[in-house]
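Colleague: We have chain A; now place chains B and C onto it with these hints.
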Amino acid sequence: MAELNKDMFVIKGKNITKMESISRPSLSFWQDAWRRLRKNRAAFVGLCIIVLYALLAVFAPMFSKYGFSDMDTAAMHASPSAAHWLGCDATGRDQWVRIWMGARTSLAIGLFSAFINMCVGAVIGGLCGYYGGKLDMIMMRVVDILYGIPSLIITILVMLVLGKGVAPLIIALCVVGWIGTCRFVRGEVYRLKEQDFVMAAKVLGIPDFIIIIRHIIPNILGMLVTNLCMAIPGAIFQEAFLSYIGLGIAPPNCSWGVLAKEGIQYLRIHPHEIIIPAFFICTTMLALNLLGDGMRDAVDPKLRGTE
Amino acid sequence: MLKYVTKRVVAAILTVFALVTIVFFLVRLMPGEPFTSAKLTKEVAENMNSYYGFDKPILEQYFTYMGNLLHGNFGYSMKYTNKTVNYIIGQTFPFSADLGIRALCLAVSIGLVLGIIAARNRGKKLDFACVLIAIVGTSIPDFIMGALLQYFFGIKWGLLPVAKYLGFEYTILPACALAFYTLASVSRIMRSSMLEVTSQDYIKTARSKGLSELRITCKHQIRNAIMPVMTVLGPTVASVLTGTFVIEAIFAIPGMGKYYVESVNNNDYAMILGMTVFYGCFLVLCNLIVDILYGVADPRVRIGKR
Amino acid sequence: MMAEKENILELKNVVYSFHTYGGEVKAVRDVSFEVRKGEILGIVGESGCGKSVTAQCILRLNPEPPGFFGGGEILFKGQDILKMSNKEIRKIRGGEIGFVFQDPMTSLNPTMRVGAQIEEVFLGRTGVTKKEVKDRALEIMKLVGISDVEKRYRQYPHELSGGMKQRIMIAIALVSRPSLIICDEPTTSLDVTIEAQILDLLLDLREKLGTSIIMITHDLGVIARLCDRVIVMYGGKVVERGTADELFYDTAHPYTKGLMNSIAKLDTAKGEKLQPIEGTPPDLFSPPVGCPFAARCDYCMDVCNEMPPEVYQLTDEHATCCWLQHEMAPDNDMKKKPEKKGEVR
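Chains as they are written, first to last, in this note's numbering: chain A, 1 to 307; chain B, 308 to 613; chain C, 614 to 958.
Excised from the complex, chain A in its bound form (with noise of 0.2 Å):
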């Protein structure tokens, strides 16, 4: 220890400046999740399974000399060969390529799906949940109703009425799809509207439009952007479960749940054709599941900060 001496002993008051200037560095909302979404490697690695699968969905077709409806009657029920990389199934269509293009229909449908049931959701839930009143009261009936009804039943008698393709199943999956997103919505936005951050901004006389902007959609984008996240590995999942039951695509076209349920009859002889599909779907749906669960913990407005 210095030896004390009477300089040190002279009163020269606070220095609040220093005491500041310790505080850690600011980061804004995104900057502070994405850093946090970096850091967890399982959700990382969930998101370059999906950047390599959209990938190879959008190049592999491309680059292959096998079309995904060429049927080649030597190569029936192939297994996997330097010929075809995944094998053949029963009409001798190469896997690989039929895999891919499967991956095309899969992730637009669970993309497209869940991104217009948000947005759809999100709108109708912000609106009940901002202005509240009678309109909220009459769309919460008809939600609560529409929520007790299986949701899986209203889309098959969709894709029914429909017919079998791409456009009818992301309609039928949007028909009750948006529900779920609209109730979250609508709770969140009723308890921010009631925050005190907000009524200052009503108080200072700030256009409703401007609050929203500003104030409403910030808060709960985060939560929004996760349960897109989560809503898509759904979508994935009841496009594949339709397929399966028959309802879905049409065919020559296809689609994971189409491979799955053609490669099911094979199952006691050429295991391959169903195991192949199988592992995309389930690696895909893994690493949604990450992601989303990664999201979910980076947007977290109580995690904010810790690392």
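Hints are computed from structural coordinates only; laboratory data are not their basis. Don't take every hint at face value.
[Stated by the list, open to error] Cut-off 20 Å, straight-line C-alpha distance, at most; resulting in silico cross-link-like pairs (SDA-like, lysine to any residue):
# : chain 1 : residue 1 : chain 2 : residue 2
1 : B       : Lys526    : C       : Val746
2 : B       : Lys432    : A       : Asp293
3 : B       : Lys431    : A       : Ala57
4 : B       : Lys390    : B       : Lys526
Modeller: Just chains B and C now, kept in the frame of chain A:
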């Protein structure tokens, strides 16, 4: 409590009403005629149409159908001639219900246990294992799970019967396949709910009373953590039920789901209508029961203040 | 006179930290104090100064991990709590020391009847019948001022008001007649009239049962009304200690003075502004080398930033931890004639 139950019952009745209406009109909107088989002459087809009442105005058909429903009559099948939907449901539903209940019990019990174990050992290897099971489980669609179980346990290793539904050992594979997804999601919800509860103040209070860890876990944590799990039980029943569609097809179980998928593929509209309405009502009933159970379990609901 | 009473609780150089992702947070840094039989000891300080952590240390209620003891001793009736097995510590919790938490709204289990929550304290304690347990619970409920006890006994927490819940919390803490109750800001979340009732209740209970009380608060009004002795905490350390009178009329630490200046008094003239303490408490990830209060202190000197101050014993009870008491420090309104130099704590 009475008020709460009444409210739920009224909502359930409204839901069933909306469901039947939506399903009825959707089925009528479906493309194609039911009697288009080449064997049928035009005359026969017309007779059939008038027999089933398809020549009447759609609103009249709707009210007739509603009237029949109130008497518990779900309609006729067009493919299985002379069989009513009621008869087919009566024949097949017991199989589905048996399978569904087995799967549900398996999923909820093991799911809860895994969730609790994971939360109690947070951050340790056991937690990691449970979380892994949960996340893998929610990533495998049930028809793939069914196919894989069938391939490995039934065909490759020959441990368990591959198909049919004749005895206990026949139920193991389909019930596991059906339960796995639900099990995983229940354990995930239970784990996060347990962790949420663990950080609550009343757990600290319980600790400050000098209670044993066992008592705190059982009486304070689990009791409160189980509430969010109960709220998802309704959707869980629905997902198990739709799971039976494919699992029954894979394992050749003569249950209702298998018939449903068949009638979807056969365009048997009367069957689709009848069975959909039955499924819908059944699920709404399940939801109602779950809601009421929730009310019984949570004193805040039971005593009417929310 | 008070000094002759026996100590029932003694903290010696307790250090408590938390492991976080960002590193180790030293929440309690070398804290020592004692609680005597039948006295009410106040612990005062602003949010985040470590007072709650200190209190929960005593019953080892902080979640471990991430929390851990870095050293020190906590002697309860001569036994070191830190060396006890889980079983022994459970006997102390609820049995010998009761704890009242800050927020009665969230501190009661929503799915249990309040009666059962009071009775739980007796679980695992031998020699009481079910009937006796219930009688004790009803008796204690009456004692904490709950009317219509038979009915309340069967109610759930959400059916009770905030004040009523806090009475239940106090009943839980008291039901086994502990020799010490730790109250962690028991009135912060209640409104003022209820606060007064609860404080009266605590005084009354001390009278009737002779219980010692540790009262943790950031409200000097509560201290003035209730406490015999006070310790002031800042940045995880005890900066000043003494009887309530000494602290109020003979303030010897700039932080205590700041606290006093920041509350309204009866003689505060109309229009006169209160003086807040500017700035925020130190970041305990990397506590300052010198005095933790230095950056916010009106009397800060160079030495304050470089070396931690020693403890200066001013009277039997009154001690402060501030360089202003050093013989080389310039004269100021804070400087007292130290009677003897205390050991460095």
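Colleague: Which numbered hints are broken by the structure, listed smallest first?
Modeller: 3, 4
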